[in-house]
Every structure is written in structure tokens, then in C-alpha cells.
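*Asks:* Residues per chain, in single letters:
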Amino acid sequence: MSRSVLIPAAIAAAFGATAVPSWAHVTLETKEAVVSSTYKAVFRVPHGCGAAATTAIRVRFPDGTLSPKPMPHAGWTLTIQEGTLAKPITAGNDTVTKGVTEIAWTGGKLADNEYDEFVIQLTTPAEAGTALFPLVQECEGGKANRWILAPGVAAQSGPNGEEIDAAPSLKLNPKP
Amino acid sequence: MRLVAALICMWFGGALLAPPAHAHAVLTATEPADRQALLSSPAAIVLKFNEHVKAVYVRLLDANGAVVAGPSADSIDNDVRLPLATPLPNGAYVVSFRVISDDAHPVGGAVLFAVGPAPAAWVAAVPAEAGHGWQIATATNRAAHYIALGLAVGASLFLALGTEADALYRRRLGLIAGTSVVVILITAGLAVGLEGGLVLQSPVRELFAAAPWSEGQETTQLRQSLAAAAVALLLAASTGLSGRAKRVLALAGALAAPATIALTGHVVTSGPVWITAPMLFAHALPAMVWFGSLAPLMAATALPVQAAARPFSVFSRWAVAGAAVAVVAGGAVALAQARTIEGLFSTDYGHLLLLKVALVAAAGGLATWNRLRLTPRALRGEGSAPTALSRTIGVELLIGITVLAVTSALAGMVPPRSLALGVHDHDGADSAPGYVVGAVSAGKSATIALEPARAGRNTLTIHLAGAGWAGVEPRSVSVTLGNFQAAIEGLARPLRKVAPSVYQLDGPEFAVPGDWTVRVLVLVTEFDAVTYTIPIPVAP
Chain A
1 MSRSVLIPAA
11 IAAAFGATAV
21 PSWAHVTLET
31 KEAVVSSTYK
41 AVFRVPHGCG
51 AAATTAIRVR
61 FPDGTLSPKP
71 MPHAGWTLTI
81 QEGTLAKPIT
91 AGNDTVTKGV
101 TEIAWTGGKL
111 ADNEYDEFVI
121 QLTTPAEAGT
131 ALFPLVQECE
141 GGKANRWILA
151 PGVAAQSGPN
161 GEEIDAAPSL
171 KLNPKP
Chain B
1 MRLVAALICM
11 WFGGALLAPP
21 AHAHAVLTAT
31 EPADRQALLS
41 SPAAIVLKFN
51 EHVKAVYVRL
61 LDANGAVVAG
71 PSADSIDNDV
81 RLPLATPLPN
91 GAYVVSFRVI
101 SDDAHPVGGA
111 VLFAVGPAPA
121 AWVAAVPAEA
131 GHGWQIATAT
141 NRAAHYIALG
151 LAVGASLFLA
161 LGTEADALYR
171 RRLGLIAGTS
181 VVVILITAGL
191 AVGLEGGLVL
201 QSPVRELFAA
211 APWSEGQETT
221 QLRQSLAAAA
231 VALLLAASTG
241 LSGRAKRVLA
251 LAGALAAPAT
261 IALTGHVVTS
271 GPVWITAPML
281 FAHALPAMVW
291 FGSLAPLMAA
301 TALPVQAAAR
311 PFSVFSRWAV
321 AGAAVAVVAG
331 GAVALAQART
341 IEGLFSTDYG
351 HLLLLKVALV
361 AAAGGLATWN
371 RLRLTPRALR
381 GEGSAPTALS
391 RTIGVELLIG
401 ITVLAVTSAL
411 AGMVPPRSLA
421 LGVHDHDGAD
431 SAPGYVVGAV
441 SAGKSATIAL
451 EPARAGRNTL
461 TIHLAGAGWA
471 GVEPRSVSVT
481 LGNFQAAIEG
491 LARPLRKVAP
501 SVYQLDGPEF
511 AVPGDWTVRV
521 LVLVTEFDAV
531 TYTIPIPVAP
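Chains A and B, in that order, give the protein sequences.
Read in our numbering, the first sequence has 20 at position 20, and its numbers run on one by one without any break.
Read in our numbering, the second sequence has 265 at position 265, and its numbers run on one by one without any break.
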């Protein structure tokens with residue numbers, strides 16, 4: 001290997017080790033559940049956007065999620081947005097077309113060096129597989145990390161250095 | 001009154017002479033469709049256009065870039081057909097094509113399709129074009145042609161109108177007219193071969209091979225060249241005659257010269273030809289006469305005051321009205337080409353157009369100064385005035401030559417109005433050599449182009465097209481760039497929206513050559529994104 005390749009490669013290795021501020025993502029505490037069961041989704045927020053403090057957490061749900069109920073958080077305003085579901089939920093003759101489309105905790109302040117959890121209780125979808133909870137983490141200074149990508153999709157950087165990365169995911173197992 | 005009648009005649013004449021096809025050929029459909037996955041091999045590749053086209057080549061390439069079928073294809077009415085003798089094995093394919101429309105405009109492009117299961121991501125390189133050589137050669141030749149046309153028109157008009165001028169002055173004008181006629185004949189001839197080369201995109205050094213010339217004869221350039229040659233001979237004949245015949249021939253030549261320009265090119269094809277051709281004529285006639293007048297006027301400054309008075313008074317009588325017509329008609333033509341004010345600032349065509357306007361404004365300023373200050377002083381016989389006048393006219397002449405050079409470059413470019421059609425013109429007239437790939441993610445396709453794909457300043461264009469994007473308005477499009485060998489990663493940049501579903505990054509990011517990875521993030525809603533990961537090689 002020539003020197004002209006080695007030096008940049010060494011720089012790349014150094015960058016890889018130091019440049020990325022954190023490998024931690026917003027994730028779910030419990031990563032597996034059974035279909036059509038009551039599940040407590042605990043979203044763990046390990047850091048802000050770069051050094052900026054988190055000011056809002058907004059979550060959407062996988063298709064087929066029933067009656068999500070958020071746990072209020074002191075110092076944060078809770079918003080439960082209802083509307084037409086992206087995909088109606090059917091069970092036999094029973095069809096549900098309206099429900100909660102988004103839950104948001106806003107107006108809080110979670111510094112980059114602090115940790116917090118946001119909790120939603122819900123009934124999991126009836127279909128087994130991987131369920132994604134796309135989540136937007138808004139921060140001071142108009143930044144927003146977006147935890148919205150499907151697993152395996154390469155992470156991206158937003159225009160202001162924000163992280164665009166994998167959505168919190170839940171493995172849904174069939175009923176035993 | 002006679003002039004009005006002549007103009008009306010030219011209006012109809014222009015409409016009759018104009019080519020029958022009025023628009024760029026546009027690819028309307030293909031079989032297989034772009035990014036379609038077929039269960040089994042097609043029997044033929046069919047490209048459907050909105051008007052009759054002639055196939056220059058159609059190549060079917062496999063995923064490794066090897067030619068599987070082509071390049072000769074059949075043209076049947078509006079369709080171009082490439083039959084496939086043997087069934088294609090499963091895999092991804094690229095159809096790369098170049099056709100020529102009846103308005104002599106080459107149109108090229110590429111279609112991706114697959115046999116068997118659709119690939120997770122389409123990554124296929126479309127072969128780059130041969131380069132700028134033909135464009136530069138064509139533009140240079142066209143500039144020389146325009147300049148010679150203007151000089152010949154001006155010199156023969158002044159010769160015809162100023163019969164009493166002295167012998168040296170007449171000899172000079174005769175020399176200008178004669179040289180210009182020779183240049184017109186040479187450039188008109190060369191234009192045929194150059195147009196053929198532009199269509200074929202063969203190496204420029206093959207200009208004097210047979211192929212470009214036989215190809216060129218198939219284009220409307222042949223008609224334009226023949227007409228220009230006829231005009232040149234008309235003007236040459238006028239200089240040899242005298243009296244009334246001389247004036248009639250010179251005037252006819254002066255009227256016909258700008259009409260020849262209206263025989264080919266994109267300005268004529270931009271709208272109904274009975275509007276665009278006369279509009280172009282109304283712009284070109286006074287502009288050409290104005291430019292052509294500068295050399296005879298410059299020569300006239302050396303004449304004694306009484307003799308110089310006539311050329312100047314004739315010119316002054318028509319100058320203001322002529323300039324007004326040229327500017328108004330030019331403005332209308334420009335507006336039709338740029339379409340939007342934004343188009344003037346965001347495209348190369350627009351930038352050149354603005355340059356032309358600035359140059360014309362500068363020339364206009366000089367002309368005003370000449371007319372109001374220097375000419376009266378010179379005609380009063382003030383000693384230093386003729387020299388000063390000759391100098392400012394000389395500057396005007398240089399600006400005029402630059403304007404014509406810019407105009408000929410504009411004639412070879414695709415204006416924003418064509419880009420607004422969403423037509424991908426990978427044609428010799430407008431596209432730089434670069435790298436173009438198609439990609440599909442989550443049923444949504446994108447075309448990513450990097451131009452010129454060489455280390456340094458580049459334009460990255462992302463075109464979100466296809467059924468998957470119907471009714472979807474992305475919130476934002478950004479890219480993350482990386483080049484492992486150069487230890488560059490996570491270079492994040494927002495893209496600018498330049499047209500509906502077209503996003504662009506223009507900048508120095510691709511500063512080093514090598515294998516770059518472009519990760520495209522299209523934020524559809526706050527919670528939904530479509531991403532593409534594309535490897536792009538950047539040449540040194």
C-alpha cells in the first residue's frame with residue numbers, strides 16, 4: 001500500500017474513532033413483544049442533537065397499533081393527535097379507521113448530558129415481524145434528529161449535522 | 001411604406017420557408033418502460049416519440065456496460081425499434097439512444113429495465129458523451145458566420161446607398177464585403193459537417209471523414225447553409241452592379257440574410273412558427289444592419305466632412321427605430337426561451353443571455369454618446385472628433401463581435417423552456433460529459449447526475465421522477481457525501497430546489513478524485529424518508 005493511501009486511511013480511522021459524537025440512538029428498552037398484546041414502549045433518549053438540548057419528542061406508530069396511551073412527563077406538554085389512520089385496522093367485521101396518529105411531548109428541556117425516558121402503553125399490531133416507531137427529536141436552535149429510517153439503511157447527516165438514523169424497532173413474535 | 005410592404009412579404013416568406021416540424025422531439029413512452037421489471041425477455045426495444053425521428057443509434061447495454069444489441073435501429077413513423085434476436089438473460093439493462101428530430105436537433109437519453117426480479121437498486125452508468133469539442137467548434141463557426149453575414153450586409157448596403165462617396169472608401173467597403181462573402185461561404189459549408197459531427201458525437205478530428213458530412217446533409221443545417229450561400233452570392237453580385245439593380249440586390253440580400261438564421265435552431269421551434277420566425281427576423285434584421293453599419297461608419301470617419309455626412313445621416317435616420325425594434329423583438333424571443341425570470345439566474349443559458357443584454361446595453365450607451373456628442377462635433381469639422389468617433393465605433397464593433405459570439409453560443413444551448421418540459425436532453429448541444437445513474441428505493445425512482453464528474457466544482461442534480469413521486473412534495477432533499485480514500489465522510493449538504501422535482505447542489509465538494517459515495521435523503525414527511533446510496537466515480 002502506497003503512502004498516499006495509507007495517510008488518508010489513517011486519518012479516516014482516526015475520524016471514525018473521534019468525529020462521531022455518539023453511537024447511541026433513541027431506542028426501545030424492550031425490543032421484543034408478542035403480537036396483539038399490551039406493551040409498554042419505553043423510548044430512551046441518550047443525548048441531544050449535537051450539544052443542543054432536546055425540546056420535543058414526537059412519535060408515530062407502526063400500522064395496526066391500537067390505543068396508544070402516553071405517560072405524562074413533568075415539565076413537558078403532552079399532545080395526542082388523532083386522525084385517520086394511514087392504514088385501517090381490521091379484525092373480522094370490525095374495522096377501525098380513526099385513532100391516534102402521533103404523540104408528542106413538547107416544551108421541555110433535556111440537556112445533552114442528561115438522560116430521560118418517554119413511555120407509551122399500547123396494544124401491538126396483529127402481524128408478526130419488525131414494527132418501526134419513527135421518532136423526531138427536536139432540539140434547541142431549530143435542529144432535529146430524525147430516528148426514522150428502516151433497519152439496514154445507511155445513516156445520514158442532516159444539513160445542520162443532525163442525525164438521520166434507524167427508527168426504534170420492535171420485533172413482534174407470533175403468539176406462543 | 002415600401003419598407004413595411006417588404007417586411008410583410010418577409011413575414012409570410014419566413015413562415016413559408018420555416019421547417020415543418022415545430023418542436024424538439026420528446027420521448028413519450030418506451031417498451032419496456034423506464035425501471036420496469038419484466039417477467040421474460042422482450043422481443044424488441046421500442047422508443048416512442050411525439051414526432052418523427054431518425055435513429056442515430058440505439059444501444060442495449062447489460063449491467064457491466066457491454067453492448068448486447070444495436071447500434072443500428074429501425075425508425076418507423078414516430079417509433080424507433082431495436083429488435084432482439086435472442087432472449088435476454090435475467091439481469092438489469094440500459095438502453096442508451098440518440099435520435100435526430102426533423103428540426104435537426106439531436107435528442108439522447110437512457111432507459112433502465114430488468115428481466116427477472118427487479119434489482120433492489122438500479123445502478124447503471126449511462127455512457128458519457130464525447131465532449132465539448134463539437135459544441136465549441138460549431139459555436140465558433142457559427143460566430144464567424146454571423147459576423148461575416150453582418151459585415152457583408154452592412155458593407156453592401158452602404159455601397160448601394162452611398163454612391164457619391166470617394167473611391168478609396170468604396171474600395172474599402174468592397175474589400176469588407178468580398179472577404180465576408182468568402183467567409184460566409186466557407187462557414188456555411190463547414191456548418192453542415194459540424195452539425196453532422198454534433199449528431200454523431202464521433203471524435204472531432206474525424207470532421208473530414210465522410211460520416212459527419214452525410215449525416216449533416218440530413219439535417220436542416222443543409223437548408224440554412226444553402227440559403228446563406230445564396231444570400232452571400234446575392235450580396236457579392238450587388239457590389240459588382242450599379243444604379244437601381246445594385247440597390248435592389250443589396251436590399252434583398254440585407255433582408256434575406258437575417259431570414260436565413262430563422263431556418264434552423266431552437267428559437268424557431270419554441271412556438272407557433274408564424275410568430276417565432278418573424279419575431280426572430282424582426283430581432284435579427286435591425287441587429288444585423290446595425291452591426292454591419294459599424295465598419296462602414298468607422299471607415300467613413302476618414303472621409304472629408306461633406307462626404308461623411310451622408311453615411312452618418314442615413315444611419316442616424318434609422319438607428320433609433322431599428323434599435324427599438326431589435327430590443328423589443330429580442331426581449332420577446334428571450335422571454336419565450338427563458339420562460340421564467342428565475343430561469344435567467346439559475347441556468348447557464350440565462351447567464352449567457354444576461355451577458356448578452358449587458359453587452360448590448362454597453363454598446364447602446366456608446367452609440368448614444370456617439371450620436372449625441374461625437375457625431376455632431378465631427379460633422380461640424382472639429383479636428384479631434386473624427387479620431388475619437390472612429391475609436392468609439394471601433395469599441396462598439398468589438399462589443400458587437402462579442403455579442404454575436406455569445407449569440408452563437410446561445411444558439412447551441414438548450415434553453416430553460418426545454419428543461420421545463422422535464423425532457424432529459426443528453427444531447428450534444430447541451431450536456432456536459434458527466435455521470436448519470438438511476439436508482440429506485442421503496443418504489444420511488446430518482447436520477448442522479450454529476451457534472452462534469454471531474455475533481456473540482458461540480459453540479460449534482462437529483463431528479464425525482466416517475467409514478468412513485470406523483471402527488472408527493474418532498475419537505476427537503478439533502479445529501480451526505482463520502483470518499484473513503486480521501487478520508488472524507490459525513491459531508492452533509494442541503495440541495496436547492498431548481499425546478500419541480502429537480503434538486504441541485506453546485507459547489508466544490510467533489511474536490512478530490514476517486515470513488516465517492518453519495519447518500520441521498522429525501523424527507524417526504526417529518527417521519528418518512530426515502531434514501532438512495534449511489535457510488536459515483538470522480539475523474540482527476
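Watch out, some of these pointers could steer you wrong.
[What the hints assert, rightly or not] Listing some non-contacts, in silico: residues in chain A with all C-beta distances to chain B over 10 Å:
1. Ser36
2. Asp63
3. Met71
4. Gly83
5. Ile103
6. Lys109
7. Ala126
8. Leu135
9. Arg146
10. Ile148
11. Leu149
12. Val153
13. Ser157
14. Gly161
15. Pro176
[Stated by the list, open to error] Under the rule of at most 30 Å between Cα atoms (straight-line distance), these lysine-lysine pairs were calculated in the DSS-like manner:
16. A:Lys87 x A:Lys175
17. B:Lys497 x B:Lys444
18. B:Lys444 x A:Lys87
19. A:Lys171 x B:Lys444
20. A:Lys98 x B:Lys444
Don't read these hints as lab results, they were simulated from the structure.
Computed from a predicted structure; not experimentally measured.
C-beta atoms are modelled at their ideal positions from N, C-alpha and C, and glycine is treated no differently.
*Asks:* A separate judgement is required for each hint: does it hold in the structure or not?
*Replies:* Against the structure, the hints come out as follows:
1. Ser36: holds (24 Å)
2. Asp63: Given that every Cβ of chain B is farther than 10 Å from that of Asp63 (chain A), nearest at about 13 Å, it holds.
3. Met71: holds (21 Å)
4. Gly83: The assertion about Gly83 (chain A) holds, with a minimum of 13 Å to chain B.
5. Ile103: With a cut-off of 10 Å, Ile103 (chain A) remains clear of chain B, as the shortest Cβ separation is near 12 Å.
6. Lys109: Nearest chain B Cβ is 21 Å from Lys109 (chain A), so the label holds.
7. Ala126: holds (22 Å)
8. Leu135: The claim is violated: Leu135 (chain A) sits with its nearest Cβ about 8 Å from chain B, within 10 Å.
9. Arg146: Given that some Cβ of chain B is not farther than 10 Å from that of Arg146 (chain A), nearest at about 7 Å, it is violated.
10. Ile148: violated (5 Å)
11. Leu149: The claim is violated: Leu149 (chain A) sits with its nearest Cβ about 6 Å from chain B, within 10 Å.
12. Val153: violated (5 Å)
13. Ser157: About 4 Å separates Ser157 (chain A) from the closest Cβ of chain B, which leaves it inside 10 Å; violated.
14. Gly161: Check fails; 6 Å does not lie beyond 10 Å.
15. Pro176: Per Cβ check, Pro176 (chain A) is outside 10 Å of chain B; nearest 32 Å; holds.
16. A:Lys87 x A:Lys175: holds (23 Å)
17. B:Lys497 x B:Lys444: holds (18 Å)
18. B:Lys444 x A:Lys87: holds (20 Å)
19. A:Lys171 x B:Lys444: holds (26 Å)
20. A:Lys98 x B:Lys444: Cα-Cα ~28 Å, so holds.
Hints 8, 9, 10, 11, 12, 13 and 14, counting from the list given before, are not met by this structure.
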